[in-house]
Amino acid sequence: MQSLKKILLGEQGLVVIFALAFVLVSITVPNFLTERNMLGLLQSVVTIGIVSCTMMFCLASRDFDLSVGSTVAFSGMVAVMASNSTGSILLGLLAAITCGAIVGVINGVVIARFRINALITTLATMQIVRGFALISSDGRAVGINDPAFYDLALTRILGVPAPVWVMGLFFVLFGFVLNRTVFGKNTLAIGGNPEAARLAGVNVVTMRIWIFALQGLVCGVAGILLASRITSGQPNAATGLELSVISACVLGGVSLAGGRAAMTGVIVGVLIMGIAENVMNLLNIQAFYQYVVRGMILLLAVLLDNLRVSAATMSRR
Amino acid sequence: MSDFLQFRALSKGYPGVQALADVSFGVARGAVHGLMGENGAGKSTLIRLLSGDQRADAGDILIDGSVQTYASVRDAFEAGVIVIHQELQLVPELTVAENLWLGRFPARAGVLDRKRLLSEVGARLRDVGIDVNPSAKVASLSIGERQMVEIAKAVMLDARVIALDEPTSSLSSKESEILFSLIARLKARGTVILYVSHRLDEVFRLCDSLTVLRDGKLAAHHPDLSRITRDQVISEMVGREITNIWGYRARLHGEVRLKVENLSGDRLPRPIDFEVRAGEILGFFGLIGAGRSEMTRLLFGADSRRTGRVVIDGRAVAPDSPPASIRAGLVLCPEDRKHDGIIQSRSVEENIAISARRLFSPFGLVQPRKEAELADRFIGQLRIRTPSRQQDIVHLSGGNQQKVILGRWLAEAGVRVLVIDEPTRGIDVGAKSEIYALLYDLAAAGMAIVVISSELPEVMGITDRIQVMCGGQITRQFERAAYDEREILSAAFPDTRQSLP
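Each protein sequence line maps, in turn, to chains A and B.
Residue numbering for the first sequence follows our numbering, beginning at 1217 and increasing consecutively.
Residue numbering for the second sequence follows our numbering, beginning at 688 and increasing consecutively.
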């Protein structure tokens, strides 16, 4: 009993719970552990997974970004419309990523330079950018002209769809950035104590702008992959994405108070969100219940984290 | 012996540490009793048990002969025991009167009785001689006034025992004086005061009796404080003889290292000039609000300057940014370590490497082995007491946190000017001496050091020269040979004719 408690409340508690849940689901849910379902599951979390990478940095530096869903939709829109009008997919992709990055830079400058609360700022840009997506398409979906665009999502490498590879690449890349670069270390330091980090020589304002810019850029990539998968630019795509992404990060042990984050945790968080949805689909549970389940998983994860922190405090004193 | 407040064989353990072991002592009615000890000696634990916040594993607390069995802070209130913590527990957006009534507002059928709310408070405040407007918002009060309000709250609840935990740590000398006279009035009313402090001067001035804790055990109990000496108390706290905690060592001074010209900013409108030589330790002394810390922040570039030039070894430092100052060899150990110094959620290693890692991280890639070496080097060199370099810094004592911040700066290869604001605030005696010794070593190696402190004995004890600040200006300068406590103090007071004790 004591050792079980230790495992569950230890550093790797979430991973252990995830592994147990995975095994349990594999045994009990039919058709879960099949290659087809696994790939489908991974594909379904690509958007959340990719955006979670940079949201992790945002949260770890004590910031917040609600505009990611809108940015994903808008940049997907831009990708489709720009490649349709120029006839060049590459130009379309560049335009999408640039637009995403611009949204991020604007967020960053307003928040870091003008010291406006991140919640308010991104709540505003969330609506503005969603508005742009609707205006540019007149509220309708825009189909892709060049079929080569679909191939982005359809190409398989070693049997695995390209978007999943991109997600994996981002996990590795941002895990490396977080742990092995000055940028990552400074992000955590800012989240741990912004004023102390500033007085220790960290350029906090520039760092925060960079983090938001990266977030926007990565939303651009996610938007492109999403548009390719749904074969069109949808102005209403990715609504509520910001909440799923933040949930996944928090599930993964990223502290909302800043200063603590781990890529493995976020990956597990993303997968837990994906598995919950996938299992409910397999079991033909009505979609409405999925909201309830997702909310409950998040609450449980936060409660668990709380227990873990107080357990750590107890053993220290 | 019928002591009013008695602790009987009190023990309390936390996983891995016996915080309090078999501690017994008593305090007479109407006495001011000092409680001293180094950090981790068990003072806070004892206070926590007394406040009802936590329960003892064994032993009793007796008040007026009867065993107290309270299990919460509220129970302790009811029993007349009130603990006033370092972090004050008032609601800033409410008025003084509302704070004093909080939890039991006078009301008729749920409607506030506003008249009674104010009138009763006014009477009580006058009664204990506290000069605060009952309808003022707490947010508008100074820290000293807020503390008065806390004490008034204790009086409102008819407290029989009031424990004060480091009450003067954020008060100016003037505010401290007001606090001391209030304590004297409470004492005259028969209230027992338990006075927890690091400051020997205060304890010797205020207290009738004294208990010293060390490593959770009773190290000494002195029913009559007039019969012992300060050095005796210090050695009881530390467990070894410390003859002179300053350990001042004279040094030769070299060329002018730091030259500050015309420095001013929004919170320090009148320009300031001074210089420090290589190997010199310059002290800045002044009361709270004299502008010392404002000056420090301007110097380091933490706040933006209005005017001014900072020159190190003849080269002007690019203005207004901590990174520029650090690159020029000017570093700051800030006054408020918790808020401005340490990154709480990160390890000792990361707190040391945060600035210097840019020097050995090619293309922004962190070198874990080099960071570990760096951390281990300074943990050894500065004798930082930590289980490992991976330990989160919040779990270290104040003294060790200060050493980590010093390590952070020493890891920068070329520090020429070290500015250290309140070097030993909240740090116990043993670690203090170590930090002083380190400052002498650094100065002897040619660094120019600026020490800012509100503790006059410390400034006088460790510096070569003192500049006194008052009202945002440097009012006087003293060379070490001419140090005089009274003159330095009088230069620090806004009105020099003000009478001094």
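By construction, these hints were calculated from the structure, which means they are not laboratory data.
Predicted, not measured: the structure shown is a model, and the values here were computed from it.
All C-beta atoms, glycine included, are put in the ideal place defined by N, C-alpha and C.
Accuracy of the hints is not assured; some may be wrong.
Some chain A residues judged to face chain B by a derived CB distance under 8 Å, without partners named [unchecked claim]:
{"#": "1", "residue": "G1355"}
{"#": "2", "residue": "R1356"}
{"#": "3", "residue": "L1404"}
{"#": "4", "residue": "L1415"}
{"#": "5", "residue": "A1478"}
Hints and how they fare:
Here the hint on G1355 of chain A is broken, as its CB sits about 44 Å from the closest CB of chain B, past 8 Å. Against a cut-off of 8 Å between C-beta atoms, the interface hint on R1356 of chain A is violated, since the closest Cβ of chain B lies about 44 Å away. Because the closest C-beta pair between L1404 of chain A and chain B is about 6 Å apart, less than 8 Å, the hint holds. Interface restraint check for L1415 of chain A: the shortest CB-CB distance to chain B comes to about 5 Å, inside 8 Å, so the restraint holds.
A cut of 8 Å between beta carbons decides the hint on A1478 of chain A: the least distance to chain B is about 12 Å, and the hint is violated.
The structure does not agree with the numbered hints 1, 2, 5 stated previously, though it agrees with the rest.
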